[in-house]
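Colleague: So the chains spell out like this:
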Amino acid sequence: MMNFSGVAVLARGLTVVRGDRTVLRGLDFSVLSGRITGLLGPSGCGKSTLMRAVVGTQAKVGGTLEILGRPAGATELRPRIGYVTQAPSVYDDLTVRQNLEYFAAVLLPGRRNRDARREYVTRAIEDVDLASHADSLAGRLSGGQRSRVSLAVALLGTPEVLVLDEPTVGLDPVLRRDLWDLFHRLAGERGATILVSSHVMDEAERCHRLLLMREGEILAEDAPDDLRVRTRSETVEQAFLRLVDEADALQESRR
Amino acid sequence: MSSQPTPATLPRPAFAPSVSRTLATAARVLRQLRHDPRSIALMLLVPCVMLFLLRFVFDGSPGTFDSIGASLLGIFPLITMFLVTSIATLRERTSGTLERLLAMPLGKADLIAGYALAFGLVAVIQSLLATGLALWGLGLDIVGSPWLLLLVALLDALLGTALGLFISAFAASEFQAVQFMPAVIFPQLLLCGLFAPRDTMQPVLEAISDVLPMSYAVDAMSEVLRHPDVTGDFVRDVLVVAVCALVVLALGAATLRRRTA
Numbered sequence: 001m002m003n004f005s006g007v008a009v010l011a012r013g014l015t016v017v018r019g020d021r022t023v024l025r026g027l028d029f030s031v032l033s034g035r036i037t038g039l040l041g042p043s044g045c046g047k048s049t050l051m052r053a054v055v056g057t058q059a060k061v062g063g064t065l066e067i068l069g070r071p072a073g074a075t076e077l078r079p080r081i082g083y084v085t086q087a088p089s090v091y092d093d094l095t096v097r098q099n100l101e102y103f104a105a106v107l108l109p110g111r112r113n114r115d116a117r118r119e120y121v122t123r124a125i126e127d128v129d130l131a132s133h134a135d136s137l138a139g140r141l142s143g144g145q146r147s148r149v150s151l152a153v154a155l156l157g158t159p160e161v162l163v164l165d166e167p168t169v170g171l172d173p174v175l176r177r178d179l180w181d182l183f184h185r186l187a188g189e190r191g192a193t194i195l196v197s198s199h200v201m202d203e204a205e206r207c208h209r210l211l212l213m214r215e216g217e218i219l220a221e222d223a224p225d226d227l228r229v230r231t232r233s234e235t236v237e238q239a240f241l242r243l244v245d246e247a248d249a250l251q252e253s254r255r
Numbered sequence: 001m002s003s004q005p006t007p008a009t010l011p012r013p014a015f016a017p018s019v020s021r022t023l024a025t026a027a028r029v030l031r032q033l034r035h036d037p038r039s040i041a042l043m044l045l046v047p048c049v050m051l052f053l054l055r056f057v058f059d060g061s062p063g064t065f066d067s068i069g070a071s072l073l074g075i076f077p078l079i080t081m082f083l084v085t086s087i088a089t090l091r092e093r094t095s096g097t098l099e100r101l102l103a104m105p106l107g108k109a110d111l112i113a114g115y116a117l118a119f120g121l122v123a124v125i126q127s128l129l130a131t132g133l134a135l136w137g138l139g140l141d142i143v144g145s146p147w148l149l150l151l152v153a154l155l156d157a158l159l160g161t162a163l164g165l166f167i168s169a170f171a172a173s174e175f176q177a178v179q180f181m182p183a184v185i186f187p188q189l190l191l192c193g194l195f196a197p198r199d200t201m202q203p204v205l206e207a208i209s210d211v212l213p214m215s216y217a218v219d220a221m222s223e224v225l226r227h228p229d230v231t232g233d234f235v236r237d238v239l240v241v242a243v244c245a246l247v248v249l250a251l252g253a254a255t256l257r258r259r260t261a
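Just so you know, the sequences run in chain order A and B.
Everything in the first sequence is counted per the working numbering, starting at 1 for the first residue and increasing by one.
Everything in the second sequence is counted per the working numbering, starting at 1 for the first residue and increasing by one.
Just so you know, the hints here were simulated from the structure itself, not pulled from any lab data.
Computed from a predicted structure; not experimentally measured.
Every residue, glycine too, gets a C-beta built ideally from N, C-alpha and C.
Warning: the hint list may mix true and false statements.
Some chain B residues judged to face chain A by a derived CB distance under 8 Å, without partners named [claimed, not checked]: (1) L10; (2) P11; (3) S18; (4) R31; (5) H35; (6) T97; (7) T260.
Listing some non-contacts, in silico: residues in chain B with all C-beta distances to chain A over 12 Å [to be verified]: (8) L101; (9) G120; (10) V184; (11) E206; (12) H227; (13) L239; (14) A250.
Using the sequences provided together with the hints, build the complete structure.
Modeller: Okay, here's the thing in structure tokens:
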């Protein structure tokens, strides 16, 4: 399962149109299997749209986009991808455990899977450290706790690819560290491929690879260290700013 | 946060259609409802209170209570289920849970059937209470079988669920969803024959009432009111309501998009 050389997500000329606006403009990139790939860029640069395209919920996707060798949105991919939207998508009027039990029943229906479901639910609750709140209504939890419930749902069924849209936004530093530790365990021990977006550049240091995005285009695709060396920068943030300036200068000179 | 390794024995999910997904969805909808006892009380008690009121509004003319009461037994489930379903599915759309479910191995039919099943069950309880109260508590006089009343009430509930599901696609907020209630239900209420017999209406209105499903629901109820047996008209009316419900459910399913802009 742990295939570091494999490509989990492959995009060639990926284009997405929303309304009359082209949100993604002919992107080429790949996401390596069993690695954590950070998708970084300012708000509104198309990160969420890219993730929705990978998950298969985005309409009007052009170009090639393959996940685990299958075209994005293929039916057989659905149980193999875990997806966490930016806003927590759970039922506020159910408890944490009831939420997980329902989504587990969608993934693994039937009486014969009952024990497996129970195990998945227990493990997911422990993964996100919510055992003490398992029987609280999701609507009564704090924002950070609710987003962890949403993450726990995505962990059910041990998906091969995890797509996480800003999972650490609004969390305190301790929880953010714990979640990044969890992501590393998921990649290291369960062999999961993780595509995680953030607009906080200091989280980039914890990724194996980075996709830097700006205005619907990929600025750079590299490991954080290589990126810093290549741009002669101290931090990923600096590297990003330098790449933005270069891109702008290039655009100016073309005019 | 724990660091258990992957239990190698746990089965991986796969996508195969299954009845248990429908049942799980119905159970989840009912669980949500159970955390909201006030809504349950309102759904079950309001029709009973209305019938009770109506009985004494028409204290002097029991015949009027019979005909209006029987019609209302068919209309209550339709209105309640319309409201409940439109709000519930709207919440499902706006909370992101719908997008999540459709990105998971869940068929649209599983979701819709789950909702129909859960709210159908609530409708059965509501109808049992309302019909029981009307027939044995308030002296509503019907010639036909109470089971037929219940059958029509159940189909009306299904129609209400279908309409609510469909309409929720056009409402951007719960506020709008509630405004759709008068827009969709009131015209049918006016034209269904409750206030005046349909054949005495202005011909254009009568023609419109001929294509509105609630008219057939009310007609079916009055067939049970007047005839001891299952009449041909009753069968036709029931079929029209059932087919309408299925068509609108299919339209509702079409509004659930896996891929959205």
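Colleague: Are the hints correct? Go through all of them and say.
Modeller: Status of each hint after checking the structure:
1. Below 8 Å, beta-carbon pairs count as interface contacts, and L10(B) has one with chain A at about 5 Å; its hint therefore holds.
2. Because the beta carbon of P11(B) sits about 5 Å from the nearest beta carbon in chain A, less than 8 Å, this interface hint is met.
3. Hint status for S18(B) relative to chain A: holds, with the closest Cβ pair at about 4 Å, below 8 Å.
4. The restraint placing R31(B) at the interface with chain A holds, with a minimum CB-CB distance near 6 Å, inside the 8 Å limit.
5. About 5 Å separates the beta-carbon of H35(B) from the nearest beta-carbon of chain A, less than 8 Å, and the hint is met.
6. Interface restraint check: T97(B) against chain A, minimum CB-CB distance 5 Å, threshold 8 Å, status holds.
7. Interface hint status for T260(B): upheld, as the beta-carbon distance to the closest one in chain A is roughly 6 Å, under 8 Å.
8. Taking the minimum C-beta to C-beta distance to chain A, about 7 Å, the non-interface status of L101(B) is violated against the 12 Å cut.
9. Remark: the non-interface label on G120(B) is consistent with the geometry, its nearest Cβ contact in chain A lying 19 Å away (cut-off 12 Å).
10. With a cut of 12 Å on Cβ distances, V184(B) stays outside the contact zone with chain A, its closest approach being about 25 Å.
11. E206(B), annotated as away from the interface, keeps every beta carbon of chain A farther than 12 Å; the closest lies near 43 Å.
12. Residue-level check passed: H227(B) sits 44 Å from the nearest beta carbon of chain A, beyond 12 Å.
13. L239(B), annotated as away from the interface, keeps every beta carbon of chain A farther than 12 Å; the closest lies near 33 Å.
14. Even its closest Cβ contact with chain A, about 20 Å, leaves A250(B) beyond 12 Å, as expected for a residue assigned away from the interface.
Violated hint: 8 only; the structure is consistent with all others.
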